[in-house]
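Residue numbers (numbering that gives the first Met the number 0), protein chains in the order written: chain Y, 0 to 489; chain G, 0 to 476.
One should not assume that every hint holds.
What the hints assert, rightly or not - Facing chain G, according to a computed beta carbon distance under 8 Å, are these residues of chain Y, among others:
1) P100
2) Y102
3) R199
4) Y200
5) L203
6) H232
7) K235
8) E292
9) E313
10) S316
11) L363
These are calculated hints, taken from the structure and not from any lab test. We put the CB at the ideal spot given by N, CA and C, even for glycine.
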Amino acid sequence: MDLSKLTALEAGKLIKNKEISVAEITKAALDNIYKTDKNYKAFVTVCHDEALKQAEEVQKKIDDGTLTSPLAGVPMAVKDNMCTKGILTTASSKILTGFKPFYTATAVEKLEKAGGVLLGKLNMDEFAMGSTTETSYYGPTLNPWGENRVPGGSSGGSAVAVATEQAYYTLGSDTGGSIRQPCSFCGITGIKPTYGTVSRYGLLAYASSLDQIGPMGKNVEDVAEVLSVISGHDPKDSTSFNNESLKFNLENNVKGRKIGIPVEYFGKGLDADVKARVLDAAKKLESMGAVIEEFNMPELEYAIPTYYIIACAEASSNLSRYDGVKYGYCTPEFEDLTDLYCKSRSEGFGMEVKRRIMIGAFVLSSGYYDAYYKKALQVKAVIKNSFDRAFEKYDAILSPTAPTTALKMGENLSDPLKMYLGDIYTVSVNLAGLPSMVVPCGFDSNGLPVGLQLTGKAFSENTLMNIAYSYQQETDFHLKRPVLKKEMEA
Amino acid sequence: MEFLTTMGLEVHCELSTKTKIFCSCSTEFGGEPNTHVCEVCTGMPGSLPVLNEQVVEYAIRTGIATNCTITKYTKFDRKNYFYPDLPKAYQVSQLYLPICQNGHIDIEVNGVKKSIRIKEIHMEEDAGKLIHDPWEDCTLVDYNRCGVPLLEIVSEPDFESGEEVIAYLTKLKSILQYIGVSDCKMEQGSLRADVNISVRPVGQKELGTRTEMKNINSFKAIARAIEGERQRQIDVIEDGGKVIQETRRWDDTKGISYAMRSKENAQDYRYFPEPDLVPIEISDEWIERVKNSLPELPEEKKARYIAEYGLPEYDVDIITGSKYLVRIFEGALEVCGEAKEVSNWIMGEVLRLASETSTDEENIKFAPENLGKLIVLIKKKVINRNTAKEVFEKMFSENFDPEQYIKDNGLEMVNDDGAVLSVVKSVIEANPKAVAEYKGGSAKVKGFFVGQCMKQLKGKADPATVNKIIAEELDKL
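Build the full structure now, drawing on both the sequences and the hints.
Structure below.
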């Protein structure tokens, strides 16, 4: 049996039934990583010894009955912007060279408590800034679906680890589409939960008011199970909602569900294949009993500038702490304090991060604050209102996730504005703090996956999961796997 | 040319909460460097702040005690700047919606009453401390103070003299101590003041260019800094120059100030709302509850002491100016019921001994009720006043129960008139020469007899009784 083909819940069941031990499945997963990841570079760090030790501890707890989670013993991996005690945490930046936190992110801690075995830390765009995983200091991650294609980003490593079946599920983070767009590019399932659903404690902040951790996996059931584990109030995060963890009740039934399609999302700039696959999905849902209706949301036009002003402003402040003094990279030679700061930051941050810090510092500087940042906050409120109005009518909004399928490597890196425009369908969701889910809905003419985005009102994760689950019961796009290049066993 | 001075104050006050503003680390002063720290107060990547509710409670208390309006929807903002004592490279503070606004504190200087307006009070976190090591030629950082809660109390530019500034600070300090929000120890930096100061020739309407004096940490230093800076600005103007808007550091040992940075080089703090904290909504009930829990404030206490106990204003001013003296006054009064007597003891012996032993008022050791007991013992004539003073001097440093101490050391007065009479008789008998002098009309000699008798009685008799018996016995002769 090729264990890697299992879903997370299938693997969990085998472990529970003692058909396989946690150590066996963990060893198999590690071996698979060594064979596979050379070609895809999803991992920044593989936690070989830690994973085997954890596997042993989890096994003991399963055996004595203290661990009963369906995910107990299932190997997983997390994006490298989540703190893991004693394990390198880099956000794929040179500036965090050698940084090992002495605390673990709440979301990761919750998974570990449920018996998740951490295989390693996944590559990403530096500090989650980018949508191709090419801005990583550790080099790009590769999309398994096509030669020389980007996996999307910033959670590219998290998407590829699932698509290449190196991890049963992963955690990503989504500030402007960083979970959803790589899910779309890599043909997997994922969700950006409502802002405040998953604790941000231990997540290296990019834009605090927009960042949200979420699960990425092979199908809706896996993703729902992981989200139920990591969600819920955390007293260490003041912005986490005072809610119990989410519980899902999945049923194949979309009868009478009202789904809106914003006309603005299907206009200029949208790839024809992507448009066709997404509209096919709408038809499929309609055939299953959902009510599909077009509507207008003109406010979405302002989402991209608004997003980049707010995200960069917060980033410029959040990333100021990386000064070369306390941890991470420090320039070897410097004249004085200012020189130490300048050199460490100039040498430690990559181009894209520096660009966003500059934009953020500019929009917050005195004399420009009102014109940019304050205005952006006002537009953010307008966008939220337009979503609120839409959800008076609809249970979910259906749209493409990105204007294209996976791009060629290097295509966008040289043209940041083009890259920013690629976020057009995802960023408004973060501005409004809403939950949004992506499921595979077909392939383009190059055989690259297309993802369907379903967005709901705040805390409607169960509705979204149910629509997505029903869709996956009637389609098989999520079951398709790329042909992998693997090293032969030595 | 004559000049007018205008000043405004920014006072930073460390709150005496047990834990820091955004984490549960201790706020205790003086720990080994970097021992009261965690990932939150050292701003480690991924850490998030959680507001200590006590800080909000203390801020509301301070706002009410200084006649401010409490902002019911208040928020935190980030103040961004790079410095090694600020590990996140931003300070969480309040710019747009500070918790208290538009208050005032009333002061009195040389009999003239004046109200100083408070513009706002905001909550913020303190930074760490940099220590320069001259031997290694490096700078070390101690983050223990990082995240200790601060209130910044900003006045309007209502001060016209150094005396007004000192009167305001004295009053503010006593209010903060009374309501229990801060110990206001200037030497430990828990109360710090920045002074904005400008001068203008008499007759000129618009204010002169102001400078900001930082780093002043005692009332005396503030007075000196104000006088120094006022004179410097006047000199600049009289020499035909212009005062530059800048921040200056006062060096109290050298008695001069240095320019730190001018307005042109002023930092742009890029303030924006802190996204890691949610806005705070303060209900009317909360404000009402805090209002009801406030102790009697100095002003109210002063009025009551004068009306109720008929004490002189001067004494009351001094006693109510310090919550520690008030504690002694009220504690002793409860036991003995003699307000005037307690007040006299405080104004006399307590302050004398505190000054002689360089003891800060807050470090006075004896229990107030023991002073009360001592006063009762005098009233009951168990001891006389001289013995009481001696006992008190010991009690001041050792704090014991005076009843027990007097019993143990046999200091009770001899209240047996017979015993006194026999001593008087023996003294008269032993000093015929003095008796002759007395008879010859020298009244002074009576003092000699009293002294001799008290000596024999080891000071334990009521001087009035001794006097009376001596007079009777001498007159009999």
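Results for each hint:
1. Interface restraint check: Y:P100 against chain G, minimum CB-CB distance 7 Å, threshold 8 Å, status holds.
2. Nearest Cβ of chain G to the Cβ of Y:Y102: about 5 Å, under the 8 Å cut. The hint holds.
3. A least Cβ separation of about 6 Å between Y:R199 and chain G falls short of the 8 Å threshold, and the interface hint therefore holds.
4. For the restraint placing Y:Y200 at the interface with chain G, the shortest Cβ-Cβ distance is roughly 5 Å, inside the 8 Å limit, so the hint holds.
5. With 8 Å as the threshold, the beta carbon of Y:L203 comes within range of chain G, its nearest partner Cβ sitting at about 5 Å, so the hint holds.
6. Because the beta carbon of Y:H232 sits about 12 Å from the nearest beta carbon in chain G, more than 8 Å, this interface hint is broken.
7. This hint holds: Y:K235 has a C-beta 6 Å from the nearest C-beta of chain G, less than the 8 Å allowed.
8. Taking 8 Å as the C-beta contact cut-off toward chain G, the hint placing Y:E292 at the interface is violated, the least distance being around 35 Å.
9. Checking Y:E313 against chain G: minimum C-beta separation of about 6 Å stays under 8 Å; hint holds.
10. About 5 Å separates the beta-carbon of Y:S316 from the nearest beta-carbon of chain G, less than 8 Å, and the hint is met.
11. Checking Y:L363 against chain G by beta carbon gives a least distance of about 4 Å; that is within 8 Å, so the hint holds.
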